[in-house]
Structures are given as structure tokens and as C-alpha cells.
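Could you build all of it, start to finish, from the sequences and the hints given here?
Residue numbers (the numbering used here): 1 to 896.
In short, the hints are calculated from the structure, not lab data.
The structure presented is a predicted model; accordingly, all values stated were derived computationally and were not measured.
Where hints are given, some of them may not hold.
Simulated pairs of lysine-lysine, DSS-like, Cα-Cα distance not exceeding 25 Å [as the list claims (entries may be wrong)]:
| id | residue 1 | residue 2 |
| --- | --- | --- |
| 1 | Lys540 | Lys500 |
| 2 | Lys233 | Lys217 |
| 3 | Lys433 | Lys450 |
| 4 | Lys260 | Lys48 |
| 5 | Lys312 | Lys216 |
| 6 | Lys487 | Lys699 |
| 7 | Lys650 | Lys699 |
| 8 | Lys848 | Lys631 |
| 9 | Lys216 | Lys433 |
| 10 | Lys55 | Lys233 |
| 11 | Lys433 | Lys540 |
| 12 | Lys563 | Lys632 |
| 13 | Lys217 | Lys187 |
| 14 | Lys312 | Lys260 |
| 15 | Lys203 | Lys487 |
| 16 | Lys149 | Lys233 |
| 17 | Lys177 | Lys187 |
| 18 | Lys217 | Lys312 |
| 19 | Lys619 | Lys631 |
| 20 | Lys540 | Lys551 |
| 21 | Lys216 | Lys260 |
| 22 | Lys433 | Lys217 |
| 23 | Lys187 | Lys233 |
| 24 | Lys699 | Lys848 |
| 25 | Lys233 | Lys177 |
What follows is a list of derived Cβ distance ranges for each label pair [said to hold, decoys possible]:
| id | residue 1 | residue 2 | range |
| --- | --- | --- | --- |
| 26 | Thr873 | Ile646 | 25 to 31 Å |
| 27 | Asp745 | Cys878 | 27 to 33 Å |
| 28 | Trp128 | His338 | 45 to 51 Å |
| 29 | Thr757 | Thr873 | 35 to 41 Å |
| 30 | Gln673 | Ile582 | 27 to 33 Å |
| 31 | Gly388 | Leu253 | 22 to 28 Å |
| 32 | Asp783 | Glu876 | 28 to 34 Å |
| 33 | Asp874 | Thr757 | 38 to 44 Å |
| 34 | Glu879 | Ser198 | 54 to 60 Å |
| 35 | Asp759 | Asp406 | 47 to 53 Å |
| 36 | Ser277 | Arg480 | 50 to 56 Å |
| 37 | Ser277 | Gln424 | 50 to 56 Å |
| 38 | Asp633 | Thr884 | 39 to 45 Å |
For glycine and all other residues, C-beta sits at the position ideal for the given N, C-alpha and C.
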Amino acid sequence: MSNTAFAADETLFSARDFTADLAESSTPITVFKQALKSAQETMDQRFKDGEDIRKLVYGRAWLVDQLLLQAWNLFKWPSEQHISLIAVGGYGRGELHPRSDVDLLILLDDVEDSEVQESISGFLTLLWDINLDIGSSVRTLEECYEEAKNDITIATNLIESRPLVGNEDLHVQMYLKVTSEGAWTDKEFFLAKVEEQSRRHDKTNDTEYNLEPNLKKSPGGLRDLQTIGWVAKRHFGATYIRDLVDHGFVTELELDTLNKGELYLWSMRYAMHMLCSRREDRLLFDHQRTLAEFFGYTDQNGALAVEQFMSKYYRVAKAMSEFNGMLLQYFDEVILRHEEEQVIEPLNNRFNLHNGFIRVSHESVFEHQPFAMLEMFVLLAQNDQIKGVRASTIRLIRNNRHRIDDDFRNDIRNTSLFMELLRQDARVSTELKRMNRYGILGLYLPEFGKIIGQMQHDLFHIYTVDAHTLKVIQNIRLFRHEDQREKFPIAHRVVNQLPKIELIYIAGLYHDIAKGRGGDHSELGATDAIEFCQRHHLGKWDTHLVQWLVKNHLLMSMTAQRKDISDPDVILHFAEHVGDIIHLDYLYILTVADINATNHSLWNSWRATLMRQLYTETKRTLRRGLENPVKKDDRIDQIQNESLAILQRKGHSPSDVLQFWNMLGEEYFLREQPQHIAWQTQAILEHGDSTLPLVMIRKTSYRAYEGATEVFIYMPDLPTLFAATASALDQLNLNIQDAQIMVADNNQALNTYTVLTEDNLPLPEDDDYLEQIRTHLIEELDDPDDFPAIIQRRIPRQMKLFAYPTQVSLSTDPATQLTALEVITPDRPGLLARLGGIFVDLGISVRKAKITSIGERVEDFFFITDDQGLPITDPELCEQLEQTICQQLDEHSQSA
Numbered sequence: 001m002s003n004t005a006f007a008a009d010e011t012l013f014s015a016r017d018f019t020a021d022l023a024e025s026s027t028p029i030t031v032f033k034q035a036l037k038s039a040q041e042t043m044d045q046r047f048k049d050g051e052d053i054r055k056l057v058y059g060r061a062w063l064v065d066q067l068l069l070q071a072w073n074l075f076k077w078p079s080e081q082h083i084s085l086i087a088v089g090g091y092g093r094g095e096l097h098p099r100s101d102v103d104l105l106i107l108l109d110d111v112e113d114s115e116v117q118e119s120i121s122g123f124l125t126l127l128w129d130i131n132l133d134i135g136s137s138v139r140t141l142e143e144c145y146e147e148a149k150n151d152i153t154i155a156t157n158l159i160e161s162r163p164l165v166g167n168e169d170l171h172v173q174m175y176l177k178v179t180s181e182g183a184w185t186d187k188e189f190f191l192a193k194v195e196e197q198s199r200r201h202d203k204t205n206d207t208e209y210n211l212e213p214n215l216k217k218s219p220g221g222l223r224d225l226q227t228i229g230w231v232a233k234r235h236f237g238a239t240y241i242r243d244l245v246d247h248g249f250v251t252e253l254e255l256d257t258l259n260k261g262e263l264y265l266w267s268m269r270y271a272m273h274m275l276c277s278r279r280e281d282r283l284l285f286d287h288q289r290t291l292a293e294f295f296g297y298t299d300q301n302g303a304l305a306v307e308q309f310m311s312k313y314y315r316v317a318k319a320m321s322e323f324n325g326m327l328l329q330y331f332d333e334v335i336l337r338h339e340e341e342q343v344i345e346p347l348n349n350r351f352n353l354h355n356g357f358i359r360v361s362h363e364s365v366f367e368h369q370p371f372a373m374l375e376m377f378v379l380l381a382q383n384d385q386i387k388g389v390r391a392s393t394i395r396l397i398r399n400n401r402h403r404i405d406d407d408f409r410n411d412i413r414n415t416s417l418f419m420e421l422l423r424q425d426a427r428v429s430t431e432l433k434r435m436n437r438y439g440i441l442g443l444y445l446p447e448f449g450k451i452i453g454q455m456q457h458d459l460f461h462i463y464t465v466d467a468h469t470l471k472v473i474q475n476i477r478l479f480r481h482e483d484q485r486e487k488f489p490i491a492h493r494v495v496n497q498l499p500k501i502e503l504i505y506i507a508g509l510y511h512d513i514a515k516g517r518g519g520d521h522s523e524l525g526a527t528d529a530i531e532f533c534q535r536h537h538l539g540k541w542d543t544h545l546v547q548w549l550v551k552n553h554l555l556m557s558m559t560a561q562r563k564d565i566s567d568p569d570v571i572l573h574f575a576e577h578v579g580d581i582i583h584l585d586y587l588y589i590l591t592v593a594d595i596n597a598t599n600h601s602l603w604n605s606w607r608a609t610l611m612r613q614l615y616t617e618t619k620r621t622l623r624r625g626l627e628n629p630v631k632k633d634d635r636i637d638q639i640q641n642e643s644l645a646i647l648q649r650k651g652h653s654p655s656d657v658l659q660f661w662n663m664l665g666e667e668y669f670l671r672e673q674p675q676h677i678a679w680q681t682q683a684i685l686e687h688g689d690s691t692l693p694l695v696m697i698r699k700t701s702y703r704a705y706e707g708a709t710e711v712f713i714y715m716p717d718l719p720t721l722f723a724a725t726a727s728a729l730d731q732l733n734l735n736i737q738d739a740q741i742m743v744a745d746n747n748q749a750l751n752t753y754t755v756l757t758e759d760n761l762p763l764p765e766d767d768d769y770l771e772q773i774r775t776h777l778i779e780e781l782d783d784p785d786d787f788p789a790i791i792q793r794r795i796p797r798q799m800k801l802f803a804y805p806t807q808v809s810l811s812t813d814p815a816t817q818l819t820a821l822e823v824i825t826p827d828r829p830g831l832l833a834r835l836g837g838i839f840v841d842l843g844i845s846v847r848k849a850k851i852t853s854i855g856e857r858v859e860d861f862f863f864i865t866d867d868q869g870l871p872i873t874d875p876e877l878c879e880q881l882e883q884t885i886c887q888q889l890d891e892h893s894q895s896a
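If you want it as C-alpha cells, here you go:
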């Protein structure tokens, strides 16, 4: 259907009434504006009432046609034989959404004269004055040809064209020129559109599952459907995608699915334009919530309304992307490869290679031997010379995938084939993704099918659960590659030593499989994993390992982020839970792959350092034996001896060193390395009795890509010191990742802050920049009672949308005699400085801090005491602390 088939609708526009209004008005602009506004309000109400979206999209184009004709007639045109007004692009297809651009071509048979130029200028000015979003060009026939030949986008716009008024023969001549072999051959046009689509997909991470997808440009969006139409029109002369049925490229059933997908995307886009009152094709977070409410979604157990709404979108986009891939493969075969010599090589009785692409040996293969649907992916993984799958075979898979039922899933041939795929040396993640794209994976593993398109409405999980799961497996595969050795040194070494690589893939498949069901997804997923292992005939030990990994997949990251891993007791407890080095190796690989597949910004230098330290210390403990843990006294003696040896080589007297060390507690020597202790001790001894704060800055690690920056501060302890330091670092746009607070017997504070930039990256290795930081801190901390004001930095748009109540919990650690304070709250600039101010007001001292940013929220742990250095046991103070933190942080969040 196009606007030429749209029946005139006088409730939208009456030429008779419009002409009468023009005659009575002193200015045409008002009449045009009112006609446009009134008609759009009518269409918007019809949309809300459920009218067919096609009538509205085509109706908007028809309405604009009428207004353009009326506007055209207001101007004097020397001769319409020499000029034509042509709709191009989406408007040329007869499709317009409420705020879409109206793309026009004013086509001349020769260079325009001054009189024509004056009319054109007045005509376009009028269109802008009446608030039409006009995209216009004025060209001659020859200019159209030259521009189209040099720009595929212009060529595409001109192919999608129809005359509105003037000499229609000019349009015919233009169309013939821009579709001629001289402009673009069929092959060139096809390759250019495929390349254009590839570049467009790359800008959206080549996935349908972006957090804020674009209805037009993201994979599976409207532009993918239009790409099919453009190629079909250029090669086959097809006016509509439905014409491809006659050419044998689309079945009636597929056409129905395509039409439903397009109408769904149209409805989304129409609603976006209507609700935003502007052209907006991005499903931004705030629009997602509004649209979910508009389309009647409500919160359900385990799924917010917005998550249900986006799940539907993702499933539609996935289906449209699947069609796009299949049809482009068909076009590739008939446009690019039809002149190639047809070389067919047998692979086995069910498959052969057709010019390098796998295809079934006959059309009833999947009907008579359904296991071949899994066998095909194994063959693809085993043969790197296979370029892809023939389009006809993709269609047969789609038409036969309904055969995957319980009998299929329990068939020993199929379970063996799936395990064979997981045991391949190459292309495992590639073929699992292909299985998902063809709809096979979610049918073979119904529990996986339930998470397809499932999103979590936050800034932490940037992929849907199924996309995240497959990305975990992709990361595990990447760790094996030599070019990943530098970025993931431990993961690269460990993954290549795992005795059974398929077990980590299974754990990756199932670690989040139970998301959205309610309850503990780790526990529920572990149950599903056991059933998978039993169905696939894995041994008891293998099954237990997979089940343990799924159940404990968050253990390592939570330990590294929330606990003091410099404490031998923490390491021992973690090692006891892990049990042996085999479990540690598998858990480390799964954890690192999971973090990197959740959000690309999570794997920063500091998190890499934490994970390396936890892995290394746990492995050392396991090698010693859990029955023979490291004794604190032995470790302290060894660290002090090694530190003292370094200092003696630098000329420091052992008596001076030991006299200073006697004022420090054992915790200091447990948390620091000998080189670090020597570095700090030397600086403190040389600092002497200076009244200025001692501030030193250095990398935490010799590996720059894993190293955050440490800021060490030595000065008299004061109740305001943490608040002053947090505020000063905040002014420098530095993010605190960790804080170690220690007070010596002489009331001097030895505080170490681990920091990254505001983008969670290592600080630049620039001596001048680091000196600026040091100087600023000295100036601010010289009088910490007058600590700097909390700055008000701009809050990112996305973070403003995630305001939820702050959660605070308090507990006392009997081992350390410190009170643990956990704060979970929306992330905001200046957050730590604000918390520091609360601690000052309530007379609370901070001894340690673990700072974790997770998307739009933070989960911060503070180990605190009262002003006497004792755990906080006063119930009134505890209640006051919780209430004050919640009140101040929530007020800050709401004000944003």
C-alpha cells in the first residue's frame, strides 16, 4: 500500500474548506499550520483508539501531499514542463510518521532561471514556516545522476521517489538515469548497501539488544527492512517486499511475520514521535517507561512493566534481523554469485558445500533426520573453510525447527552432537550465536528460550540475558587467543590449562539461566544445570563442578569487591569455600568472563588488580594446604624483615625504622607489600617534623593496564580527614575505589586511597599532572577542619532516571572490632564527600572503605568506629546514622 492507494479522507483534509479558509485569511501560514495541527490531532486520537497503523502512516503522507500541492499552487511557475516536485526517501514510499522529515527533490530539466529560483525559495520558506521538517534539494537531471553515482545514500533516496506535481516525464528520466548500470551496477548497489548496513550495525555494537536501541538504525530495526526493499527494488524492480513472494524469495508465512514486525516497529515509532512531540527514534530509558505505560504494560512478579515492554521489542527485532540475514544471503547468491561456476562438494549424506556454503543434500533432510539440525552447527565449527549457510537451508531450518521437542532433546544423537559442539577447538561461540539467531538454541534448551530478549532495567546489565550469556562464552573463547595474553594474563594461562573446556561453557550457559523467575537465580540455575548434565550423560564429578560454578558464580567478584582481601582470614575463608585449585581456576575464568560480558566499563584497572590478588593469594593458600594456613605472626615477621632489608640498603638505621614501626598495628603489615612499606617508611622518616601533610602518589601495579593509582597521606588524624580527602579528590574528578585508614600510636594517620579517573580509567602517567594532584591535596588538607565544599558536577542523563531509596545496613565484625556499614544508593557526583560530611557531623571515624560502582548505583562498604575507636553499639546512634544517610542521599537523588 502507498499513499497513492490511500483513499481521500476529508476528515483529515478538505480541499474545498481549505481553499475557503485561505480566501478569508490575511496570511496563508496560519491556515496551513491549523490544517496540519488539526489533522495530526485527529490521527493521534485515532492511534490511541487503536486504528490500523498503516492508515495513519500512509494518511500522514497523503495529508502532506495535499498541503504541498496547495502550497505549490500559491507560487508562479514559468512552465511546469521544465520542473517537477518529487517526494523522495521514506516520504517517497508514501510513509510518514508524525515528526518524520519530508524529503523533497525539485527536479529541473536544466539550470533554473532567476524567476524559478525566486519561486523555489518562497515555496521552501513557506514549508518551513508552517513547521514541516523539510529536507530539500534542487537538482537538474544531470546533477541527480552525478550525485547518485557518487553517494549510495542519495542513490537510494532517488530510487524511493514519486512525482507530486509538475512534469512526470522528468521523474521517469531521472529514475532511469539513477538506476542505470552507469550509476550503480546491481552488484555494486548490493555490496554498498550491505557495507552501509554493516557500518550502521557497528555503531550499535552489532546487536539488537542495546540498552537504548534505535528503532530505525539498530539491528532488526526499520532500516534493516528497508535495506531488503531497496535491494529488491533495484535488482528485481519490486515495488513492495511482498513482490518477493512472486520471485520465490519470501513465503506467504514469512511475509506475514515481516508485515507484523514492521507494523509493530511503526507503532513504536509513531508513539515515540507523538509522545515526544519531536522526531525521536531512540528508545531512551525515560521513553521506555512512558511507552510501556502507554501500551498497557504493568509490573508483574519478577518483571517490571518496562522490562516486559522491552522484551517484546527485542524479540521482534531479533526476528526482523533473522529475516534480514536470510534474505540478504539469498540476494548474495543471486546477485553476486549467480555467474560463478557452481561447485558442489559432498560433506556427508546430509550436507554438501555449494561454492563454499553449507546446504542440505535434499529438502527433506530435516524432516526425515531432524538431528541434522544440530549436526550442521558441528560441521560449521569443524570446518573453517565453510563460508556460511545457504539461504535455502536457513529457510528449511526455520520451517523444521518445530520438530525440536522433548523426544528430540533426549535423543542420544542430539545430546552427543551438542556436547561435540561444546568440545570443539574453534568457533564454539560463533555457532552458538548462529543457533540462537536461527531459533534453535532456545528450542533445544527451553530454559534458555525463556531468557531470550529478557532485559534488566538498569545501567549495569547492558545486554539482555541471552546476549550476555553468549558473550560470556565468547569471552572464554577469546581468553584462549594469544593476542589476549597481555590484557588477561592469568585468564589466558588458566583457560588453556582447564582439563575439560566444555564444562566452563556449560556453566556459562547456565549461570544466569534463571534470571526473572523470582528467587535466587544462582540456586535455580544450579538445578537446571544438573538436569542438563544428566541429560547429556556427564559424570558425577563433572556435574558437581558445573552445578557448583553456577551456584557460586558471584562468589569471587563479591569477595574481591566487598571484603578486605589483604586479610589472611578472608583469603582462608574463601579458599575453604573453593576447596581446590581446579575449582578456583574454573571460577576465575567464569568470573572474569562474566564481568566483561555484563558491562564493558566494569573491567577496569582496579577490578583487574583485585581479581588477580584474590586468585594469587587463594592459590598460594590452597597449595600450602587448608590445614596449614599462613600464621599472621609468621607473615608479619617475613614482611618486616623484607621491608627492613630494603630500607637498610637505602641507608636507614634499623633502630629508627623499628622505633617508627612500633607505633603501627599488625594490620598495617598484613595489608601492605614490603616494597610499599619501605617506600612509605622512608618518606615518613625523611618528612620528619614538617607540619605540612605528606602526600605521595604512585601506581599500584607494575602492569600499567592493571594499575590504579595510590594516593598516600601521612598527617595528624582528625575527625574531618576522610571527609576533607574525599571532597578534595572529588574536586579533582577522581573516583575513590578503595580506602585504607590507619592511625598510629602517635595519632598520625597513614591513609591510602586507590583512585581512578571519573571514567574509571588509570590516571595518565604525567608527572606534571600528578604533581598538581599532590599540591592540591596538600593545600586542602593543611586545614581539614575547613574541608572543601562538595562540588556540584553535572549528573549524566541516564543516572537521573534511576532514583530509588537508599539502603543502609549496620553490623559488627567481632574479628576486627569494627562496625561494617553498607550503603546501596544511586551513583551521584560528590557522593563520598557527602557521606564524609555525615560521618563528621555524627562523630564517626572511617577505618576502611570498599567502593564499588555498578552501573547506575554504588555498593559501598565502610568499616567505622565511634570517636573513641570502638564499634558503634549505641542503638540511637545507629538509627540516627541510618536515617541521616538515607534522608540526605535521597534528597540529593530526588533533587537531580
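Evaluated hints:
Note on Lys540 and Lys500: the hinted pairing holds, with a Cα-Cα distance of about 14 Å set against a maximum of 25 Å. Taking the CA atoms of Lys233 and Lys217, the gap is about 20 Å. The hint holds against a cut of 25 Å. Restraint check: the Cα-Cα separation between Lys433 and Lys450 comes to about 16 Å, which is no more than 25 Å; the hinted pair holds. At roughly 19 Å between alpha-carbon atoms, Lys260 and Lys48 fall within 25 Å of each other, so this suggested pair holds.
Taking the CA atoms of Lys312 and Lys216, the gap is near 16 Å; set against the 25 Å cutoff, the hint holds. Only pairs whose Cα atoms come within 25 Å are accepted, and Lys487 paired with Lys699 is accepted, the gap being roughly 17 Å. Between Lys650 and Lys699 the CA atoms are separated by roughly 21 Å; this keeps the pair inside 25 Å, and the hint holds. Using a Cα cut-off of 25 Å, the hinted pair Lys848 and Lys631 holds, with the two alpha carbons roughly 23 Å apart.
The suggested pairing of Lys216 with Lys433 holds, with an alpha-carbon distance near 23 Å, which does not exceed 25 Å. Simply put, Lys55 and Lys233 have alpha-carbon atoms about 23 Å apart, close enough for the 25 Å limit, and the pair holds. The suggested pairing of Lys433 with Lys540 is violated, with an alpha-carbon distance near 29 Å, which exceeds 25 Å. This hinted pair checks out: Lys563 and Lys632 have alpha carbons roughly 18 Å apart, not beyond 25 Å.
For the proposed pair Lys217 and Lys187, the alpha carbon gap of about 23 Å is at most 25 Å, so the pair holds. Our distance criterion of 25 Å between C-alpha atoms is met by Lys312 and Lys260, whose separation comes to about 13 Å. Restraint check for Lys203 and Lys487: satisfied, since their Cα atoms lie roughly 24 Å apart, inside the 25 Å limit. Our distance criterion of 25 Å between C-alpha atoms is met by Lys149 and Lys233, whose separation comes to about 17 Å.
A hinted pair counts as satisfied when its Cα atoms are at most 25 Å apart, and Lys177 with Lys187 qualifies at roughly 17 Å. Taking the CA atoms of Lys217 and Lys312, the gap is near 18 Å; set against the 25 Å cutoff, the hint holds. Proximity of Lys619 to Lys631 is assessed by CA-CA distance (about 16 Å); at most 25 Å being required, the pair is judged to hold. In summary, the hint linking Lys540 to Lys551 is supported, as the alpha carbons are separated by about 16 Å, within the 25 Å threshold.
Simply put, Lys216 and Lys260 have alpha-carbon atoms about 16 Å apart, close enough for the 25 Å limit, and the pair holds. Taken as a hint, the Lys433 and Lys217 pair is honoured in the structure, with Cα atoms around 21 Å apart against an allowance of 25 Å. Restraint check for Lys187 and Lys233: satisfied, since their Cα atoms lie roughly 13 Å apart, inside the 25 Å limit. For the given pair, Lys699 sits about 20 Å from Lys848 by alpha-carbon distance, which is consistent with the 25 Å threshold.
Restraint check: the Cα-Cα separation between Lys233 and Lys177 comes to about 15 Å, which is no more than 25 Å; the hinted pair holds. In this structure the hint that Thr873 and Ile646 lie 25 to 31 Å apart at CB is violated, the actual value being about 41 Å. Between Asp745 and Cys878 the CB atoms are about 29 Å apart, so this pair conforms to the stated range of 27 to 33 Å. Evaluation of the 45 to 51 Å hint for Trp128 and His338 yields a pass: the beta carbon distance comes to about 47 Å.
The beta-carbon spacing between Thr757 and Thr873, approximately 39 Å, falls within the hinted interval of 35 to 41 Å. Take Gln673 and Ile582: their Cβ atoms lie about 28 Å apart, and the range 27 to 33 Å holds. A C-beta distance of roughly 23 Å is found between Gly388 and Leu253, which places it inside the suggested range of 22 to 28 Å. Distance hint for Asp783 and Glu876: a CB-CB separation of about 32 Å, consistent with the stated range 28 to 34 Å.
In this structure the supplied range 38 to 44 Å holds for Asp874 paired with Thr757, their Cβ-Cβ distance being about 39 Å. Restraint check, Glu879 to Ser198: a C-beta distance of roughly 59 Å satisfies the suggested window 54 to 60 Å. Between Asp759 and Asp406, the C-beta spacing of about 50 Å keeps the proposed range 47 to 53 Å intact. Between Ser277 and Arg480 the CB atoms are about 51 Å apart, so this pair conforms to the stated range of 50 to 56 Å.
In this structure the supplied range 50 to 56 Å holds for Ser277 paired with Gln424, their Cβ-Cβ distance being about 53 Å. Remark: the range hint 39 to 45 Å for Asp633 to Thr884 is upheld by a beta-carbon distance near 41 Å.
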